[in-house]
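These protein sequence lines map, in sequence, to chains U and F. Just so we're on the same page, the working numbering is the position in the first sequence counted from 1, plus 168. Just so we're on the same page, the working numbering is the position in the second sequence counted from 1, plus 48.
Quick caveat, the hints were computed from the structure, so don't treat them as lab data. Here the structure is a predicted model, which is why all the values come from computation and not from measurement. Any given hint might turn out to be false.
Here are the simulated DMTMM-like cross-link-like pairs (lysine to aspartate or glutamate), alpha carbons at most 25 Å apart as the crow flies [unchecked claim]:
#1 F:119 to U:270
#2 F:153 to F:103
#3 U:179 to F:90
#4 F:153 to U:254
#5 F:116 to F:72
#6 F:153 to U:224
#7 F:153 to F:79
#8 U:225 to U:254
Derived list of chain F stretches under chain U, where covered just means 3 residues or more per stretch with a C-beta under 8 Å from a C-beta of chain U [as the list claims (entries may be wrong)]:
#9 87-94
#10 146-158
Quick reminder that beta carbons are idealized off the backbone N, C-alpha and C, glycines included.
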Amino acid sequence: DTGVSQNPRHKITKRGQNVTFRCDPISEHNRLYWYRQTLGQGPEFLTYFQNEAQLEKSRLLSDRFSAERPKGSFSTLEIQRTEQGDSAMYLCASSLETGRDEQYFGPGTRLTVT
Amino acid sequence: DQQVKQNSPSLSVQEGRISILNCDYTNSMFDYFLWYKKYPAEGPTFLISISSIKDKNEDGRFTVFLNKSAKHLSLHIVPSQPGDSAVYFCAASGGGANSKLTFGKGITLSVRP
Chain U
169 DTGVSQNPRH KITKRGQNVT FRCDPISEHN RLYWYRQTLG QGPEFLTYFQ
219 NEAQLEKSRL LSDRFSAERP KGSFSTLEIQ RTEQGDSAMY LCASSLETGR
269 DEQYFGPGTR LTVT
Chain F
49 DQQVKQNSPS LSVQEGRISI LNCDYTNSMF DYFLWYKKYP AEGPTFLISI
99 SSIKDKNEDG RFTVFLNKSA KHLSLHIVPS QPGDSAVYFC AASGGGANSK
149 LTFGKGITLS VRP
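With the rest of the complex left out, here is chain F:
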């Protein structure tokens, strides 16, 4: 049973446009949500996170939105750049001692020049 779902396996956008990556979760005990970026042959790199008490967190070109009632979060990248092309993973944790991350399957983002 997948508790974190990334239903779209891939997304292609034009350079300069907005990329919107979506993620849904089923476990209402999740307290903290994170996005990671992964290039081939490298480990995941932390991008941005959001606590369940917030609905938005912004860091430069990256913004994460959380809708707790819908159990949905999204990552917005504006403007998208070719270097953003990678696999993006959504992850969630229960916080505190329950700090292990539960990941989605990932979405492959391609940014066309």
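Isolated chain U, as found in the complex:
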């Protein structure tokens, strides 16, 4: 079991550029979540998938953010026209649909927008 992996681990980009992050969940997990964490705060929910269906999106997720999970395996999170306020740690988590919401997190992607 390799756990949840995320790539890249760090991304520095200039304001206005587009960025894409990838998450590979634990292989048998059918649920996949994206969270964002800023300094001094706990992770904040962005969106989640059950298999390939995107079931919920947070109000935090502006139109510049889009997430996909084709074929219910890995997921990508794209941010278009990045802003300095997008600088944060982007965390991916996965879980089984068991009624117990134990989510297992990846190491995160640190985004810095200059």
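Starting from the known structure of chain U, arrange chain F on it as the hints suggest.
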């Protein structure tokens, strides 16, 4: 409006003693509560959880207590070890299809040798 609150930003305890980390919540629809531990530059690591139908769950040195009437939970670590030094997050979910986690701001635990 913060639905999960960890009001103490930090806690320092002596090695071998008990660490008690507290968490309060406001949303009575929360059905499941979890504690995560986080080291710098890593993602949160799941520690222990408790369903709203229980008032205690124990796993080795870690015990979580839930007081539904007070909307309060706590994590007890006994005995505390220097390797326990990390940021601890309390989280809650509504269960079922409402499985997203709502986190507190975290508490930094320092265990002194």
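These are the hints, each one checked on the structure:
1. F:119 to U:270: holds (20 Å)
2. F:153 to F:103: holds (23 Å)
3. U:179 to F:90: Distance ~16 Å between residue 179 of chain U and residue 90 of chain F Cα, so the pair holds.
4. F:153 to U:254: holds (19 Å)
5. F:116 to F:72: holds (10 Å)
6. F:153 to U:224: holds (23 Å)
7. F:153 to F:79: Holds - the C-alpha atoms of residue 79 of chain F and residue 153 of chain F are around 20 Å apart, at most 25 Å.
8. U:225 to U:254: Roughly 17 Å separates the two Cα atoms, so the pair holds.
9. 87-94: It holds, with 6 qualifying residues against the three required.
10. 146-158: It holds, with 8 qualifying residues against the three required.
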